[in-house]
Every structure is written in structure tokens, then in C-alpha cells.
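> Please model the entire structure based on the sequences and the hints provided.
Protein sequence lines, in the order shown, are assigned to chains G and H.
In this text, residue positions in the first sequence follow the working numbering: the first is 1, and each later residue adds one.
In this text, residue positions in the second sequence follow the working numbering: the first is 1001, and each later residue adds one.
Simulated from the structure, these hints should not be mistaken for laboratory data.
Be careful, since some hints might not be right.
Dumping the calculated DSS-like pairs for lysine-lysine here, alpha-carbon to alpha-carbon at most 25 Å [what the hints assert, rightly or not]:
hint, chain 1, residue 1, chain 2, residue 2
1, H, K1312, G, K182
2, H, K1454, H, K1022
3, H, K1058, H, K1274
4, H, K1403, H, K1435
5, H, K1122, H, K1454
6, H, K1181, H, K1403
7, H, K1122, H, K1312
8, H, K1565, H, K1588
9, G, K182, G, K39
10, G, K39, G, K13
11, H, K1058, G, K2
12, H, K1312, H, K1181
13, H, K1122, G, K39
14, H, K1724, H, K1790
15, G, K39, H, K1790
16, H, K1181, H, K1087
17, H, K1778, G, K182
18, H, K1122, G, K2
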Amino acid sequence: MKDFEFHRPATVKDAVAFLRDHDGAKFLAGGQSLLPVLKLELAEPSDLVSLAHVKELRDIRVDGDKLLIGALVTHDQVHRSADVQKVIPALARLAGEIGDAQVRNRGTLGGSVAHADPAADYPAALVGLGATVITDRRSIAADAFFTGLFTTALERDELVKAVQFPIPRRAAYVKFAHRASKYALVGVFIAETTAGIRVAVTGAAATVFRAPEYEAALGKQLAPGALDGIEVPATNLNSDAEASAEYRAHLIGVIARRAVQALLGHS
Amino acid sequence: MTSQGIGASVKRKEDRRFLLGKGNYTDDITLPNQAYAVLVRSIYAHAKITKIDSAAAKAAPGVIGVLTGDDVAADGLGGLPCGWLVKNKDGSNMVEPPHPALAHGKVRHVGDPVVMVVATSKAEARAAAGLVDISYDALPAVGRLADAIKPGAPQVWDEAPGNACFDWHIGDPVNTEAAFKNAAHIVEIDLTNSRVAPNAMEPRAANGHYEAASDHYTLYTTSQNPHLIRLLMSAFTLHVPEHKLRVIAPDVGGGFGSKIYHYAEELLVTWASKKLGRPVKWTSDRSEAFQSDAHGRDHISHAALALDASGKFLGLRVKTYANVGAYLSTFASAVPTYLYATLLSGPYDLPAIYAEVQATFTNTVPIDAYRGAGRPEASYLLERLVDKAARQLGVDRIELRRKNMIRPDQFPYQTQVALQYDIGDYHATLDLALKSNDYANYEKRRAASAAKGKLRGFGISTYIEACGIAPSAVAGALGARAGLYEAAGVRVHPTGSVTVFTGTHSHGQGHETTFAQLVSEKLGVPVDSVEVVHGDTDRIPFGMGTYGSRSAAVGGSALIKALDKVIDKGKKIAAHLLEASAGDIEFKDGNFRVVGTDRAKAFGEVAFTAYVPHNYPIDSVEPGLEESAYYDPKNFTFPGGTHLVEVEIDPETGVVEVVDVAIADDVGVIINPMIVDGQAHGGLAQGIGQALYEEVRYDAEGQLTNGSYMDYCMPRAADLPNFKVGNHVTACTHNPIGVKGVGEVGAIGVPPAVINAVIDALTPLGVTDISMPATPEKIWRAIQAAKLAKKGA
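Here it is, written out as C-alpha cells:
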């Protein structure tokens, strides 16, 4: 790990101002993705701006038909939150399946979303639920937020403050984990929302994506069998030693059907 | 008298310090004026080194020295030796290429060390290592065994045409040929045994310390055998006599074979300490471990079994290619020969065997012994082949094994591949395992799985293994360049407490407890009065270390010999005190007693008298009570048993879940049942790891593609069911304890049982073969291919 300057501002305003003025600086939230990257010297930021002393960004709040989760809420807190369990149980379960206990105790929603790991779980929930990412300067729809491999619509000095999830009628997330890393090899989030069925797939491609063919089929008939014979093309899927694109395409179908089953079982 | 002797599940004495985080590992040792080394390793699988520019590194902050292969050569350091000379079929010697501590002229695998940077801190050394500029001319490389044996493959060594290190054989080709001619059935199989990384929890480390005033070296190292390291450094690499070199292997966090070998880093830090005038420490990180620890397995085999019309085995023919990597590691040549092909009779009465083994160089990190070392490769081949024979002949796989097993009345049994099994009861362990598995109700469990949409499979492996490689004279005749005995010392203190010095080394096995139990058994003292010392060449007379499940069978036997000498001397002292003749004294339950009387002296009293010899037979008996012994075993020991595995496969995803493991082993007399169970558990986890999860992957050009835990899959506790471990004891006939060894049985017995279970589950779909590791995609593809084949047919 290369040397860096460490800063610990107390407000979002100061944190953002620091990044604006320092090109080589990075925000540090829970550090569960950033620190391994630093240790492997894959990134060498000049400054780390820790958000540990920022008092805001730590709320979980139900607001009418929306659930608002602050960026610095840890995965474990999401998993254990009575509010989350009540209004979007699938999200609470998803958070409880991220990484391991140590990761869940440190890792944060905002950090995960901003990092945009192609195999992370949260992006599936954001896109699957049609969430909105609230930053220090604007709101970004999840569909427009994740733009590619480890890339988002965020500007370099823009900080995620919270994510606002519309509360669905019901939802489910099923993950097929990579055996070694336990990241999603394929994760499918399905939600029945007031605006219709949404299906989001993580882990299978460079970034999370929606499966419109599944959404259309499930819109007609919300049952696992509705997906029979509908294949997600393998063309843009990841292919590696753990899983070829062809196998991932097959898994998307299997896991999507299981997610529908789970959704029907947990209303 | 004591409840802490042989057979007691005494809690491990060493665990207190480990559980408190107070172990003392090599990297915990930081000496005054400590300097730190970082190695710059090759990123090429095969390349010519055209230039090394270290000017920027030398000028970097904190740097004390930058050393290269030229420096190693200039100082006359010897190359890392191979400890076992294997001969070719024609009697000529194997190819033994040079193995310099730092690459000289060429690099031959990714991770080959090229430059060592030493600085006042690890961070500075690491930063400076990034400034070393090495220019390479890339050469054609071969990363996979299957490619290395093809005609026209890139050559790892000019002196090894076809990449052949040796072409060796064992058994009788003529008899075997005849057996196949007379066979009613011939069953053939092509197999690979996958390449795995050892992954000890503690990465390797070494700290070399030269003291100029006394002209003395000390090396702290993560070793399973510090005396062997000292011997190799004195005789071959550092050229410093033994009395000037102390090697200490303090607490070591797992080895599994990977810490047997003499590695370059041990030599480099010791040498650099003198050159730079400071102690020099190197500690591997996990990424470095993947590309510098010796790996295990990696065979390609073709085998054929000849059977008569009734299913009796007539003969076995095996041709194996074994990967040895780019250089010969310390025991690389012994593993695929004397530890593999000699086990090919398994637990079976096999009247004719012929095996050929070609060891092959590749541009990969060396391959050497890994938990089981050759025996897992043999059991995997044999047990896959026997299962295939049962399917091909349409007979029951259990009955086919039972029919061909060596019967108890056939011992001692001379195999066709050099070994003579002293004792065993393979039918008993088979029956015990079947009972533990509740095999009678297997069909019900299969139906229940089917009702859930899962494919259930049952797998069996009946295995044999050989521990405590021996005797020295035979091993020497076969090419071993070291002895295979063990040493022990027993120092009884004046108040009756005991210090044991053993040449074996504990890196997780619990010797501090089991060896104390042997003392308790013999002398009647509680285990808390016994301290077991290991891992220090200055404190222990000598030793060959711990590997091949030898510690109890060889080291424990040496300890028993030394304890017998203590008792013999004690009898003389007691006879004097009791005014009897030594021949009339018996030692039992901690008391020296005149036979047939109640006149006795307690052990502690005799010990005290030995050190305070006021009333003492001083003319015939020396004061003090301390004895040592060396024990050279007469034969290997032969643990064996049956491992049964049940799996459930999700046919949609290909995921395999191990749902039941029931084993019955015969590991001889059991010193500590809890520790024996623990050893079985650990071995099973590693064996299941190889069967389902682990595999080192090199691409065709020799790049390591999964050298981190993000990609290399280790088994986790949640992947494993509760193991049902049973034992049936036949005591080893030729050592004083009757022990055989348990350290490796899990890793040897279980992999074929897992794969046989997977194939059994998939047989109804038409799948006939799955290689290790049985990954979900591999299984899914096999199912798809079988479906297509059925449609086509």
C-alpha cells in the first residue's frame, strides 16, 4: 500500500469540497472494497477522505411509500432493521447475504453503490426496485446510475447521500454465489411494483441490467413457468474460468424462476 | 494408573497459547536492527534475463542491499538440491537441472525469484522492489502437463528432451501382459489428478541472523523439519558447518507438505544477513504463496484392469505423467514414484502390476508432496477404476471390492509393487463404514432426494496408504539421499517432571499433547508434568521432522525407546535403594517394585536420587536421569479403511452438496481419539476440497490465472456435513506403540469417494466421467452433453 494523506471531515459539504480541490483524493466509507484495492496497489490515491465523522447519512426512514436508507448505513444494519424487514424484506435478506460478517459490519450501502462492482448485490436491488440515488447535488434514477464496469453516473467529487427505494408490493432476490469469492455469479432481483414487474440481474455482465423479456412475460403471468423458453442472450455476459457466458445465461433463467417462486412465497 | 496415557482424549496442551493469540510464529520474531527482504519475482513463465538495472532501487530510501543471481553465483552458494535420485528404466539418472536461489540467465516460472531487495522496513523494501528494472526476452513456455508431453512442446530445459525428468517403472511387465491376455474383462480409464495449492494458514517466512562476533548463523523458518533444512544448507547450499548454523522452526501454522522443502528464501535471508550485517526477514503474502509454495498432485494417467469371468482382479497396468514443475523440489522425484506407484495394489490382492511414470517439467512452480503425497493419486486412480469395472461388468461395486480385498489371513501380504503390508482388516473397516452410513436404507434416502428434485449419489473408496517411510537402508537403496529414522531425548528433572526432545515437528498435529501422553503412559506422570520441545536444532539431538504421517510411528517409537532406557536406569537405582537386584525390579503405575513384594520406590523418588546421589550405586551407575534414542523403523505402516460419501446434485445448476460422510479407518493404536478424529476431519476437508472446489489453473503459456482467494476456492465449514468417523484397530506389528498414522487418511481416501458419488448420481442421465474438481458448470455441461447424446441415439 502506498502512502496517502488521511482526512476526516465532519460534514458532507467539507468532504465534497476536499475532493473538488484534490484530483487524487477518494472518499472512504466502510473500506471493504477500497482497502483491498489499495493493498494490491491497484489504486494509489493521494488522499483518503474518511466519512467516519460525518454524522448525517446514517438514517433508515420509511416515508409514505418510500424507504430511505442513508449512504453510511452498514449492510448489517440494513439486514437487521425492523423497518426494512417490514417494508422490503427482500432487501433486508439481500443485505444479510453480502460477503461475510466482517464485511457486513463495515461495508456501507453508499460505498457499495458508488463502487459499482459488477457482482455486488445492492445494484440488483436498486435497479430491481427502481430506486433513486440521492447525492450531494441531485437525484439519479438507478436505471441511469450504473453505467458500466465499476462506473456510475457520479461525478468525481460527487457523494452518495442516500438511496430512496419505492416500496414494492412484493419482491425477492436470489443469488447464485461464486464459490470462491461469494460475490454473485448471477443474482436476480424481481419486484412487483405499482408500475409493473421489474427484473434486474447482477453478476452476469459488466454491470447490472434489466431483463425486459422477463419483465414482459411476468407482467402477463406472475409464475415461474412464464419464463420457460425465454432465454437471456449470452452475447454480452461475462465469461471466465468459473462460469462461461453460456452457463451464466442458463443460470439467469434458473435463478429468475427461483426468484419468482420466492416472491410468490413471500408476499 | 494414569487416565492420560494411550487412549485418552486429553485436551491439547498447546491450544491455550494458540487460542489466546500468543503463539510464536516466525513472522512474530523481530530481532534488534531487523531488516526486511522483498523478492522481485518473474512475471514471465519462461524468459531470458537480458538486463537487471537496480540503480534506482539501490538509491531508494531505506535500502540496504539489492542482490541478484550474479551475487549468489559470485558467493558460491549452492543450488537447491533434490533429496531423492530416481533412475530411468535404463538405469541412467534422472535429469537434475540447476536450481539457483535467484534465477540466473533465465526464469522458468511465474514467481521465480530474480532479485532480493533488503531495506530497513518492509514498506521501503516493497517500494524499492517496484523500482528494479528487469529486461526479459520472452521464450516459448508451457504451462500445462498435457501440452508439455506433446511432441514439439516448448522445452523447459535443454537437457531434458520432451520435458522428461525421468521415465521410471515398477512391477513386472511380462506377468502383467500375461494377465491381460488371460482376462475375461479389461476395463480402461483415462484420468487427471488435479493440481492444488497447499494453502497453509500461516504463509512461509524466514528470518536469518548472522552474528559476526561468534561467526554463527541462526535461521528462523516456517519448516516441518529444521534439522533437514540445516543439513541441506550445511552440505549443499550455504556451506556452513552444522555447529555454526542453528535452525529454529517455532510455532508453525500448518504445512501439509509445503513446508518440508528447502526454499530459496531460507538460504537468501541467512546469506544476506552476513553480507549486509543485519538480520533479514522475509514473509510471504498470500499472492506470493500461490506462486512460490510447492504445489501438489497434477497427474495424467491411463490405466487398465484385467479381471477374470468371476470378477477377480488379475492385473493392473498404469501409465502416468506427473508434473514436477520447472525445478525439482526437495522430494519431487519420490512422490510420483515410491509414494505413488508402490501403492497401486491398494487393499487388493492384485497378482500382477506394471506401472510406468514419466515425470515432466513445465513452466510452473515446482510440485512436491502435499497431504497424502502420491498415495491420494494412487487411491484416486484405483478407486475410480474399480468403480468403472463394477459398472462395466454390471456387478455391485461393494461386492467387487469385498471379493478382491486382501483377507486378514493373507498378512503379511507382499504386493507386486515392492511393499509388504504387515497387517490390516479391510473387510472390517468396510463393514463398519457401511453400518455407520446406514447403507441398508440408502435407497430410501435416494428417493427422498429425488422427491425434492435432487439427484443423490453414493460413493465408496476402499483405500490403503503407507506412512513412516522406511527403513533407511531400503530408502537409500532406492535413491533417498537422507535417513528416515527419528531421534528423541528424555530429560527427567530432579523433582520428577520431564522434558521431551523430539526431532519431529508439530505444526498443528498436537504433538505437545500426544507425546506427553506417551510419557504419561510409560512413566505414570501427569501430562502437565511433561514439556515437549521440538523445532530447534540446538536443543534437539537430531531429527528428520514431520511429514508422511511419521511422527507417532517413528518419532513416538524413538521416544518409547528413550523412555525404556530411563526405566532401565531407574530400575538400577531403585534396586540399590531397595537392596534388591535390578532383575527383580518391575516398573508399573509409576512405581519401581520388587517383584512379588510391597517394597517400592516412586518414580519421583528415584529421579531425585539420580540427581542427589547420596545413597547411590555410584560405581556402576552414573548420576542424572536423561536418555536419548534413535529409531529406524523396520517397515512402513499401512493405515487403510473405507470412506463413504453421499452427495445431492441440483440438476438445474450442477451444484454438488456433500450431504453425508461416513468413514472407518484403521490407523493402528490410537493415542488420543479426539486428535485422531480432528486429523481425519482436516484431511476430509482437504480431500473434499480437491474433489469439488480447489484447482490451480495455469494457462497454456504458464500464467497463473487464479492465484488469490477471489478465484481459488477453498472448502468452507458450511460446505461440509458433520463427519461420521469410526475406527477399527489392528495394531502395527513392528513398532512399539502399534500406531500407523492418521495425518493424511482423509485426503487419501475421500476424493475418489466424492467423485464416485457424483458419477453415481449422474449415471441415470448417462454421464460416465467427471474430473476433479467437480464444479457446477462442469456437471451442468456433462448433463447437457449426455442429454444430447441420448437424443442422438
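> Would the hint linking K1454(H) and K1022(H) be met if the CA-CA limit is 25 Å?
Roughly 46 Å separates the two Cα atoms, so the pair is violated.
> Just to be careful, I want the Cα atoms of K1181(H) and K1087(H) compared with a cutoff of 25 Å; is the pair within it?
violated, 29 Å
> If you draw a straight line from the CA of K1724(H) to the CA of K1790(H), is it 25 Å or shorter?
violated, 38 Å
> Under the criterion that the straight-line Cα-Cα distance not exceed 25 Å, is the pair K182(G), K39(G) satisfied?
Given that 25 Å is the threshold and the Cα spacing comes to 20 Å, the pair holds.
> Below or equal to 25 Å on CA atoms is what counts here, so check K1565(H) against K1588(H).
OK: K1565(H) and K1588(H) at ~15 Å, within 25 Å.
> Quickly compare the C-alpha distance for K1403(H) and K1435(H) to 25 Å and report which way the hint goes.
Given that 25 Å is the threshold and the Cα spacing comes to 19 Å, the pair holds.
> If you draw a straight line from the CA of K1778(H) to the CA of K182(G), is it 25 Å or shorter?
holds, 19 Å
> Does the structure keep K39(G) and K13(G) at a Cα separation of 25 Å or less?
violated, 29 Å
> Could you grab the alpha-carbon distance between K1058(H) and K2(G) and see if it respects the 25 Å cut-off?
Holds - the C-alpha atoms of K2(G) and K1058(H) are around 19 Å apart, at most 25 Å.
> Taken at face value, is the distance from the CA of K1312(H) to the CA of K1122(H) at most 25 Å?
violated, 63 Å
> Compare the distance between the alpha carbons of K1122(H) and K2(G) with 25 Å, and conclude whether the hinted pair is satisfied.
Holds: K1122(H) and K2(G) sit about 12 Å apart, inside 25 Å.
> Is it true that the CA of K1312(H) sits at most 25 Å from the CA of K182(G)?
This hinted pair is violated, its Cα atoms lying about 47 Å apart.
The structure is inconsistent with the numbered hints 1, 2, 5, 7, 10, 14, 15 and 16, although it conforms to all the rest.
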